[in-house]
Amino acid sequence: MDLALGDIANLVGGQLNGDAGIPISGAAIIRDANAGDITLADKAQLANQLADCRAAAVLVPPDVTPDGLPFVTVSNVHASFAKIVEHFRRDAGNQPYGVSAAAHISQSAKLGRDVVVYPTATIGDDVHIGEGSIIHPGVHILPGSRIGHNVTLFPNVVLYENTVIGNRVIIHAGAVIGAYGFGYKTVEGRHKLSAQLGYVTVGDDVEIGAGTTIDRGTYGATSIGEGTKIDNLVMIAHNCRIGRHNLLCSQVGIAGSSTTGDYVVMAGQVGLRDHIEIGDRAILGAKSGVMNSVPSDSVYLGYPATADREQMQKQAALAKLPEMRRQFKALQKQVAALAEKLNDAA
Amino acid sequence: MDLALGDIANLVGGQLNGDAGIPISGAAIIRDANAGDITLADKAQLANQLADCRAAAVLVPPDVTPDGLPFVTVSNVHASFAKIVEHFRRDAGNQPYGVSAAAHISQSAKLGRDVVVYPTATIGDDVHIGEGSIIHPGVHILPGSRIGHNVTLFPNVVLYENTVIGNRVIIHAGAVIGAYGFGYKTVEGRHKLSAQLGYVTVGDDVEIGAGTTIDRGTYGATSIGEGTKIDNLVMIAHNCRIGRHNLLCSQVGIAGSSTTGDYVVMAGQVGLRDHIEIGDRAILGAKSGVMNSVPSDSVYLGYPATADREQMQKQAALAKLPEMRRQFKALQKQVAALAEKLNDAA
Amino acid sequence: MDLALGDIANLVGGQLNGDAGIPISGAAIIRDANAGDITLADKAQLANQLADCRAAAVLVPPDVTPDGLPFVTVSNVHASFAKIVEHFRRDAGNQPYGVSAAAHISQSAKLGRDVVVYPTATIGDDVHIGEGSIIHPGVHILPGSRIGHNVTLFPNVVLYENTVIGNRVIIHAGAVIGAYGFGYKTVEGRHKLSAQLGYVTVGDDVEIGAGTTIDRGTYGATSIGEGTKIDNLVMIAHNCRIGRHNLLCSQVGIAGSSTTGDYVVMAGQVGLRDHIEIGDRAILGAKSGVMNSVPSDSVYLGYPATADREQMQKQAALAKLPEMRRQFKALQKQVAALAEKLNDAA
Chain G
1 MDLALGDIAN LVGGQLNGDA GIPISGAAII RDANAGDITL ADKAQLANQL ADCRAAAVLV
61 PPDVTPDGLP FVTVSNVHAS FAKIVEHFRR DAGNQPYGVS AAAHISQSAK LGRDVVVYPT
121 ATIGDDVHIG EGSIIHPGVH ILPGSRIGHN VTLFPNVVLY ENTVIGNRVI IHAGAVIGAY
181 GFGYKTVEGR HKLSAQLGYV TVGDDVEIGA GTTIDRGTYG ATSIGEGTKI DNLVMIAHNC
241 RIGRHNLLCS QVGIAGSSTT GDYVVMAGQV GLRDHIEIGD RAILGAKSGV MNSVPSDSVY
301 LGYPATADRE QMQKQAALAK LPEMRRQFKA LQKQVAALAE KLNDAA
Chain X
1001 MDLALGDIAN LVGGQLNGDA GIPISGAAII RDANAGDITL ADKAQLANQL ADCRAAAVLV
1061 PPDVTPDGLP FVTVSNVHAS FAKIVEHFRR DAGNQPYGVS AAAHISQSAK LGRDVVVYPT
1121 ATIGDDVHIG EGSIIHPGVH ILPGSRIGHN VTLFPNVVLY ENTVIGNRVI IHAGAVIGAY
1181 GFGYKTVEGR HKLSAQLGYV TVGDDVEIGA GTTIDRGTYG ATSIGEGTKI DNLVMIAHNC
1241 RIGRHNLLCS QVGIAGSSTT GDYVVMAGQV GLRDHIEIGD RAILGAKSGV MNSVPSDSVY
1301 LGYPATADRE QMQKQAALAK LPEMRRQFKA LQKQVAALAE KLNDAA
Chain A
2001 MDLALGDIAN LVGGQLNGDA GIPISGAAII RDANAGDITL ADKAQLANQL ADCRAAAVLV
2061 PPDVTPDGLP FVTVSNVHAS FAKIVEHFRR DAGNQPYGVS AAAHISQSAK LGRDVVVYPT
2121 ATIGDDVHIG EGSIIHPGVH ILPGSRIGHN VTLFPNVVLY ENTVIGNRVI IHAGAVIGAY
2181 GFGYKTVEGR HKLSAQLGYV TVGDDVEIGA GTTIDRGTYG ATSIGEGTKI DNLVMIAHNC
2241 RIGRHNLLCS QVGIAGSSTT GDYVVMAGQV GLRDHIEIGD RAILGAKSGV MNSVPSDSVY
2301 LGYPATADRE QMQKQAALAK LPEMRRQFKA LQKQVAALAE KLNDAA
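Residue numbers (the numbering used here), protein chains in the order written: chain G, 1 to 346; chain X, 1001 to 1346; chain A, 2001 to 2346.
What the hints contain is simulated information worked out from the structure, not anything from laboratory work. Keep in mind that the hints are not guaranteed to be accurate.
[To be verified] Mimicking DSS-like on lysine-lysine, the simulated pairs with C-alpha atoms at most 25 Å apart in a straight line are:
1) X/K1329 - A/K2314
2) A/K2341 - X/K1329
3) X/K1043 - G/K192
4) X/K1043 - G/K341
5) A/K2329 - X/K1185
6) G/K314 - A/K2314
7) G/K329 - A/K2320
8) G/K83 - A/K2192
9) G/K43 - G/K83
10) X/K1314 - A/K2320
11) X/K1192 - A/K2083
12) G/K329 - A/K2083
13) A/K2333 - G/K320
14) X/K1329 - A/K2333
15) G/K320 - X/K1192
16) G/K341 - G/K329
17) A/K2083 - A/K2110
18) X/K1043 - X/K1083
19) A/K2341 - X/K1333
20) A/K2329 - A/K2314
21) A/K2320 - A/K2341
22) X/K1314 - X/K1329
23) G/K329 - G/K314
24) G/K333 - X/K1341
25) G/K320 - A/K2320
26) X/K1320 - A/K2192
27) G/K341 - G/K320
28) X/K1320 - G/K314
29) A/K2341 - A/K2329
30) G/K329 - A/K2329
31) G/K333 - X/K1320
[Said to hold, decoys possible] For each label pair, taking beta carbons as the anchor points, the in silico distance ranges come out as:
32) G/P23 - A/G2189: 37 to 45 Å
33) X/M1291 - A/G2189: 56 to 64 Å
34) X/R1113 - G/N150: 38 to 46 Å
35) G/Y97 - X/P1023: 32 to 40 Å
36) X/A1319 - G/N34: 49 to 57 Å
[What the hints assert, rightly or not] Calculated from the model, a selection of chain G residues having no Cβ within reach of chain X, i.e. all distances over 10 Å:
37) G18
38) A20
39) L69
40) H78
Glycine included, C-beta positions come from ideal geometry on N, C-alpha and C.
Using the sequences and the hints given, assemble the complete structure.
See the structure below:
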């Protein structure tokens, strides 16, 4: 399965700079490359790292000219490198697969053309699944759900009743869409669950990470806007309305009924309280605890979260506080001495 | 499936104020309501929002009189609105279901009357399940577990060996009860797992959210008290003893052997260290990092968490710190000038 | 199933101090022990708690001599107590089990001797599983994965394509290994997923907690070093390289391409940004937000995380800030008065 470096240049339509006969036995990033591998450097700043790298050759964009290593120049480094990696990857034998007889599919469910359903998946009454969608093993789709076309549900995804999934959506293993919202009313010392009549709607081209949970609305929808990408272990509570093209990183938690605009970015472990609004294109820094609505086009940080400039001033002042405290005590003494001196003088 | 507004008033036993013939085609909260929907306003402060709402009518309690919108007055707005939503919800065809032949049930397991078991669930040796409980697809109950009556285990819930579940408990999809505790002893550079002989007990009327994990005790029980409600993606470690009627919000983490009293509330993303005690009715604010025991009837915030008043004073002082720092430098200069002046005068 | 205390002393090879005929009906930790139980006290400081404990006897190490309670002295308290607990535990009837006919195993998969596969597990094309490994129900292993010997995969674990698992690894229920990394490039307002050609490698003797997610590398491996233990609901992003014998507590999140040395410890809810390096034996305190690389043998705390001494000084200064603020205002007044006095004098 080895290739000569010249073959690799041909494979990606790149320009070879070095010996076309060098044998290449694999492809890996700089950190991981072994002798015989080809690696990639997508910017000139990686030159230092390349010098220490054991790779036999490197794939580069036109503006990078590596020192002392054969290289292949291409216009799109990442797409070309992916092509090379795919060549070396052992074929896992993913064969086309139809609808398994060992899946459990309600007679009232409707499956489009070329739908794939693996063994042990269960599909409830009145579920519709669009053309070309793939339902992995252990996926459970409860009654009344609607799935678009070319959707992939990885193993053990659970969709509760009446979930609505758009087209080209990817949901990773173990994600749970549509569980009950965490809403209670305390009556005579006992917490009574609120109505759980709602559901979840997920727009086209959304991706949802492994183990993420999105709860149903109380009466209507909790909704995720088109093109939004959600990482692993994120929690989105009941009645939230997430806008389009958001990026929500891992372990973010959003409490009930909060909303976001379009192109919002939340870094890892951010927490939002309930019933607040995050404006378009707002960016929330890692681990922020957001207690109030955030205006559009702003960057918020910290806990409690504030505008980034304010937060950085606070943090800078805090870092100098121990020294300032010592200086303050010295100043107190100096003033006391001055006061005494002035008294003596009077 | 449309109803006239008069029919809706009859359905909920409410008093109509407006044209009984107005056609109503759906029900949604104010934010989401479309033309033709009925909405609800449970307090007078929502008047502004109602003015901008596209709903054709609104359901209200006796003390709310909306302006310019037909309304139906009822004593319990939420219960009545739920009834209306249910009317409009398409019937998902949830039919009564027995014990599936495609479930895998040990011959030594005992199932009560009217137990439902869906395909692909597995039930281990010597498991007992009480009357009327529902075991969804992909649920795996390991040997020796005891489940009360009228329990619902949603898809892909896992109960490890000897788990004890009370009556009327609801456990949401993907929750894992009884995995090994994270306890190690390091011997000659290798971490050795502690004994894993314990189990988990869950009291009556407990609800556990999607993806939540509760680890078994070392020798005995990790326990969750009666009536406690736990949100999604919460982590409760080995040997913890959670009291009754607690509310633990999403992504809370409680380290080993910590305990809580009754009616404790933890907001989202709170973290507790190991071996501490949280008193009855204590409230822990969102994202608090709790490093010490917390007395009953107190409110704790922040990281490290302190009593709320103390924390708010700290935060207020911190917010003003950058300004205070500037003033402090000015004061230093002023004092230096005074000292010089006094020296000159002497 | 009751035992006399003398029989218990024999069972664990311990020295009895008290009446050999005392009937013992169970074993529990001090907090949970009932009348008739034997308990354990592994250090002298527990004497107070023992005084309030209802246990009938106690197991102790040689350097502990409890007051007023019959006791059995042994050299290894925990191993001996485990033996006693096991005696009293009802046998859950875990029978030896082969490969279930109700599992779904590709014809090209290879299973070693004594492998156990429970019903509803699915094993993809070209998967290899080593001798003595146990595959619980609802586990889904996608094509091309390699599993070592004596591995346990608890129910509903998902391994994506080409995952590599070492020997004696334990993965708890619901963990997801190898989902797509959260890497996007935004082109004309749409987030395009990066290449997902990599996989995950897990070293020998690693343990992974319930609901934990580890994403695949972009082109190559995300790797977990030998002997590392990972708690529940931890997130490890794409391209990370975790060293050997780390301890990563619950709800830790590590962003893409970050690396750790050996024997690193992260307490609960720690967050690491992407592309940083944590040195050998570094300790990161609970809830730390780590924004920069951390040197070996250091302890870091806080958010943003700093060396522990620095952080504790900051926190101590912050705790005194409200008082310092009052003193500062008083000092400002005093200085103003002095200045006036000096002016008057001039």
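Verification of the hints:
Annotation: proposed proximity of X/K1329 to A/K2314 holds, straight-line Cα distance about 19 Å (limit 25 Å). Annotation: proposed proximity of A/K2341 to X/K1329 holds, straight-line Cα distance about 22 Å (limit 25 Å). Pair hint X/K1043 plus G/K192 holds up; C-alpha atoms about 20 Å apart against a cutoff of 25 Å. A distance of roughly 67 Å separates the Cα atoms of X/K1043 and G/K341; the hinted pair therefore is violated under the 25 Å criterion.
Simply put, A/K2329 and X/K1185 have alpha-carbon atoms about 53 Å apart, too far for the 25 Å limit, and the pair is violated. Of the pairs offered as hints, the one joining G/K314 and A/K2314 holds, with about 12 Å between alpha carbons and a cut-off of 25 Å not exceeded. Our distance criterion of 25 Å between C-alpha atoms is met by G/K329 and A/K2320, whose separation comes to about 13 Å. This hinted pair checks out: G/K83 and A/K2192 have alpha carbons roughly 17 Å apart, not beyond 25 Å.
Our distance criterion of 25 Å between C-alpha atoms is met by G/K43 and G/K83, whose separation comes to about 19 Å. With a C-alpha separation of about 8 Å, the suggested pairing of X/K1314 with A/K2320 holds against the 25 Å cut-off. For the hint pairing X/K1192 with A/K2083, the CA-to-CA distance comes to about 17 Å; that is within 25 Å, so the pair holds. Of the supplied pair hints, the one linking G/K329 and A/K2083 is violated, its CA atoms being roughly 61 Å apart against a limit of 25 Å.
Restraint check: the Cα-Cα separation between A/K2333 and G/K320 comes to about 24 Å, which is no more than 25 Å; the hinted pair holds. Between X/K1329 and A/K2333, the direct Cα distance comes to roughly 15 Å. Compliance with the 25 Å bound is thereby established for this hinted pair. About 43 Å separates the Cα atoms of G/K320 and X/K1192, which puts this hinted pair outside 25 Å; it is violated. A distance of roughly 18 Å separates the Cα atoms of G/K341 and G/K329; the hinted pair therefore holds under the 25 Å criterion.
For the proposed pair A/K2083 and A/K2110, the alpha carbon gap of about 37 Å is over 25 Å, so the pair is violated. Distance check on the hinted pair: X/K1043 and X/K1083 sit about 19 Å apart at the alpha-carbon level, within 25 Å; holds. In summary, the hint linking A/K2341 to X/K1333 is supported, as the alpha carbons are separated by about 18 Å, within the 25 Å threshold. At roughly 21 Å between alpha-carbon atoms, A/K2329 and A/K2314 fall within 25 Å of each other, so this suggested pair holds.
Distance restraint check for A/K2320 and A/K2341: the Cα-Cα separation of roughly 31 Å exceeds the 25 Å cut-off, and the hinted pair is therefore not satisfied. Distance restraint check for X/K1314 and X/K1329: the Cα-Cα separation of roughly 21 Å lies within the 25 Å cut-off, and the hinted pair is therefore satisfied. Pair hint G/K329 plus G/K314 holds up; C-alpha atoms about 21 Å apart against a cutoff of 25 Å. Only pairs whose Cα atoms come within 25 Å are accepted, and G/K333 paired with X/K1341 is accepted, the gap being roughly 18 Å.
For the hint pairing G/K320 with A/K2320, the CA-to-CA distance comes to about 14 Å; that is within 25 Å, so the pair holds. With a C-alpha separation of about 43 Å, the suggested pair X/K1320 and A/K2192 falls outside the 25 Å cut-off, and the hint is violated. Of the supplied pair hints, the one linking G/K341 and G/K320 is violated, its CA atoms being roughly 31 Å apart against a limit of 25 Å. At roughly 8 Å between alpha-carbon atoms, X/K1320 and G/K314 fall within 25 Å of each other, so this suggested pair holds.
This hinted pair checks out: A/K2341 and A/K2329 have alpha carbons roughly 18 Å apart, not beyond 25 Å. The straight-line distance between the Cα atoms of G/K329 and A/K2329 is roughly 13 Å, inside the 25 Å bound, and the hint therefore holds. The suggested pairing of G/K333 with X/K1320 holds, with an alpha-carbon distance near 24 Å, which does not exceed 25 Å. As the Cβ distance of G/P23 to A/G2189 is approximately 43 Å, the hint placing it in 37 to 45 Å holds.
In this structure the supplied range 56 to 64 Å is violated for X/M1291 paired with A/G2189, their Cβ-Cβ distance being about 45 Å. Range check, X/R1113 to G/N150: about 45 Å between beta-carbon atoms, so the 38 to 46 Å window is met. Under the hint 32 to 40 Å, the C-beta atoms of G/Y97 and X/P1023, about 48 Å apart, miss the expected range. Taking the beta carbon of each, X/A1319 and G/N34 are about 53 Å apart, inside 49 to 57 Å as hinted.
The non-interface label for G/G18 is consistent with chain X: the shortest C-beta to C-beta separation is roughly 45 Å, beyond 10 Å. At the 10 Å boundary, the C-beta of G/A20 stays outside the reach of chain X, the nearest C-beta of that chain being 49 Å off. Its beta-carbon lying about 38 Å from the closest one in chain X, G/L69 satisfies the requirement of being farther than 10 Å from that chain. The Cβ of G/H78 lies farther than 10 Å from every Cβ of chain X, with a closest approach of about 33 Å, so its non-interface assignment holds.
The structure fails to meet hints 4, 5, 12, 15, 17, 21, 26, 27, 33 and 35 from the earlier list, while all remaining hints are met.
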